[in-house]
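Visitor: The whole structure should be built from the sequences, with the hints applied where relevant.
Numbered per this note's numbering, the sequence shown spans residues 1 to 485.
You may find that some hints are simply not true.
[To be verified] Below, simulated SDA-like cross-link-like pairs (lysine to any residue); rule was C-alpha separation at most 25 angstroms, straight line: (1) K427 with R458; (2) K81 with V55; (3) K427 with S380; (4) K146 with P236; (5) K310 with T294; (6) K146 with Y176; (7) K341 with T294; (8) K415 with S385; (9) K341 with G287; (10) K341 with E279; (11) K427 with S459; (12) K341 with F233; (13) K146 with T127; (14) K427 with M413.
[As the list claims (entries may be wrong)] Just the calculated beta-carbon pair ranges, DEER-fashion: (15) E279 with T332: 17 to 23 angstroms; (16) Q339 with Q247: 21 to 27 angstroms; (17) G39 with A79: 25 to 31 angstroms; (18) R237 with E118: 22 to 28 angstroms.
By construction, these hints were calculated from the structure, which means they are not laboratory data. The beta-carbon is built from N, C-alpha and C at its ideal position, and this holds for glycine as well.
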Amino acid sequence: MSAPPPTVRNDAPIALSDADRDVLAAIRIVVGPKGWLDGASDIEPYLHDQRGLYVGRTLAVVRPASTEEVAAVVSLCAAAKLPIVPQGGNTGLVVGSVPDGSGRSIVLSLARMNSIREIDAINATMTVDAGCVLASLQQAAADAGKLFPLSLGAEGSCMIGGNLSTNAGGVQVLRYGNARNLVLGLEVVLPDGRIWNGLRGLRKDNTGYDLKQLFMGAEGTLGIITGAVLRLFPQPRAVVTVFAAVQNLPDVMELLGEAQAATGEAVRGFELIPEIGVEFVTRHIQGTQRPLRTVSPWYLLMEFAGGDDKLRGSVEAFLAGAFESGRIADATIAESEAQAKQLWRIRETLPEAQTREGGSIKHDVAVPISRIVELIEQGSQRLQSWMPGVRPFPFGHIGDGNIHFNVSQPPGMDKAAFIARWDEANKIVHDLTVSLNGSFSAEHGIGRLKRAELIHYRSDVEVDLMRRLKAAIDPDGLMNPGIIL
Numbered sequence: 001m002s003a004p005p006p007t008v009r010n011d012a013p014i015a016l017s018d019a020d021r022d023v024l025a026a027i028r029i030v031v032g033p034k035g036w037l038d039g040a041s042d043i044e045p046y047l048h049d050q051r052g053l054y055v056g057r058t059l060a061v062v063r064p065a066s067t068e069e070v071a072a073v074v075s076l077c078a079a080a081k082l083p084i085v086p087q088g089g090n091t092g093l094v095v096g097s098v099p100d101g102s103g104r105s106i107v108l109s110l111a112r113m114n115s116i117r118e119i120d121a122i123n124a125t126m127t128v129d130a131g132c133v134l135a136s137l138q139q140a141a142a143d144a145g146k147l148f149p150l151s152l153g154a155e156g157s158c159m160i161g162g163n164l165s166t167n168a169g170g171v172q173v174l175r176y177g178n179a180r181n182l183v184l185g186l187e188v189v190l191p192d193g194r195i196w197n198g199l200r201g202l203r204k205d206n207t208g209y210d211l212k213q214l215f216m217g218a219e220g221t222l223g224i225i226t227g228a229v230l231r232l233f234p235q236p237r238a239v240v241t242v243f244a245a246v247q248n249l250p251d252v253m254e255l256l257g258e259a260q261a262a263t264g265e266a267v268r269g270f271e272l273i274p275e276i277g278v279e280f281v282t283r284h285i286q287g288t289q290r291p292l293r294t295v296s297p298w299y300l301l302m303e304f305a306g307g308d309d310k311l312r313g314s315v316e317a318f319l320a321g322a323f324e325s326g327r328i329a330d331a332t333i334a335e336s337e338a339q340a341k342q343l344w345r346i347r348e349t350l351p352e353a354q355t356r357e358g359g360s361i362k363h364d365v366a367v368p369i370s371r372i373v374e375l376i377e378q379g380s381q382r383l384q385s386w387m388p389g390v391r392p393f394p395f396g397h398i399g400d401g402n403i404h405f406n407v408s409q410p411p412g413m414d415k416a417a418f419i420a421r422w423d424e425a426n427k428i429v430h431d432l433t434v435s436l437n438g439s440f441s442a443e444h445g446i447g448r449l450k451r452a453e454l455i456h457y458r459s460d461v462e463v464d465l466m467r468r469l470k471a472a473i474d475p476d477g478l479m480n481p482g483i484i485l
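Guide: In structure tokens:
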């Protein structure tokens, strides 16, 4: 297991051979002036990861405008054995989309490939370029009277190609599944420059291996996703958002089942927020306030959506039963879309508020839903025994078993001294998670940050299969080198 790589800047000139210059010149011709960046200030934003843990180097940033340009660039790089780092919105949290410090690779940004190719309302699909920003796809679907349900905090800047390459999760996995569940077809440029066109909007296609699944979650190590056919859903006629105070953690799990029983499949968000989270948000995020007068150890942010105008009545009946049983101590129902957004803002700004509070060590873990209480209770006890005064900060997608089990430094402790013990906190949380038949990376992926954990926690057979796949599809190791394996 490893601590985050240090932020180290290497400003030494990158030595270029004549062959290097030749291939870079050829790539520049392919993408044209608008698709080429090599000035220090221009490429700087592409070299940093989202969390500021790492700074890489690159020969150039290439911004192709079409799948054919991507294929031409990859073909040139394959012939010259020049590594490629694909990059979307660069919002990942495991240092998986920035180059290493060698300066021997190019960054290939998909940002210029941002067209919606087709919306097929009858087939309920949308065919898009990989560089489309997630929020723009949500809006395009809404304009067509449909819903594209993938939703996460970075949706204003993350790109769909990166979402699919990392198999992004988000706040509606409970109802709609991860990113891979929202895809019917892919277009991928392979490591040798060939284009695989799998853009078939079929819900049934039982013709051999499901190749698209290889590339979703592969973090750009097997090829570059350039296009996708996405599933669309009916827009719900009714949405009900609830913020509730819960005194006892085991009651949360009972409430999940009761909410689903009362409303059928209407539950699309079920998020756990600790009191320390509300405290941090209202302290550090301007314009936020407590939704409830009741102060409680735990809160639930629940969202219900459906096509039945009777939905609110079903939700109110569920809440009435929860009040009567004592599972919920207080609750509020958003009376407008603006109020609902204010409630969701508390959830979405939890990571930012924690960062402003001081040093934090973050974990993205998942366990079977039935074992969430064990994870949180035992994990908190072990962390507090490890470091007196440390503040456990578990929150997240409790409806699908994904807990962001973060840890905030003890008040007054030196931040650098706390972060230096990253490995120790990782071992406590990840050992417990795996013992509960869970995963040490639920939705963030592996990147460069969690490679050691992959080797440590996954079986030899699993790792061997991954290595064989990588060697078979990318034998020269040119696609996003050093990521995952």
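Visitor: Does each hint fit the structure? Answer for all of them.
Guide: Do the hints match the structure? See the list:
{"no.": "1", "hint": "K427 with R458", "in the structure": "14 angstroms, holds"}
{"no.": "2", "hint": "K81 with V55", "in the structure": "23 angstroms, holds"}
{"no.": "3", "hint": "K427 with S380", "in the structure": "13 angstroms, holds"}
{"no.": "4", "hint": "K146 with P236", "in the structure": "9 angstroms, holds"}
{"no.": "5", "hint": "K310 with T294", "in the structure": "28 angstroms, violated"}
{"no.": "6", "hint": "K146 with Y176", "in the structure": "14 angstroms, holds"}
{"no.": "7", "hint": "K341 with T294", "in the structure": "20 angstroms, holds"}
{"no.": "8", "hint": "K415 with S385", "in the structure": "19 angstroms, holds"}
{"no.": "9", "hint": "K341 with G287", "in the structure": "12 angstroms, holds"}
{"no.": "10", "hint": "K341 with E279", "in the structure": "18 angstroms, holds"}
{"no.": "11", "hint": "K427 with S459", "in the structure": "17 angstroms, holds"}
{"no.": "12", "hint": "K341 with F233", "in the structure": "21 angstroms, holds"}
{"no.": "13", "hint": "K146 with T127", "in the structure": "14 angstroms, holds"}
{"no.": "14", "hint": "K427 with M413", "in the structure": "21 angstroms, holds"}
{"no.": "15", "hint": "E279 with T332: 17 to 23 angstroms", "in the structure": "18 angstroms, holds"}
{"no.": "16", "hint": "Q339 with Q247: 21 to 27 angstroms", "in the structure": "24 angstroms, holds"}
{"no.": "17", "hint": "G39 with A79: 25 to 31 angstroms", "in the structure": "26 angstroms, holds"}
{"no.": "18", "hint": "R237 with E118: 22 to 28 angstroms", "in the structure": "26 angstroms, holds"}
Comparing the model with each earlier hint shows a violation of hint 5 alone; every other hint is respected.
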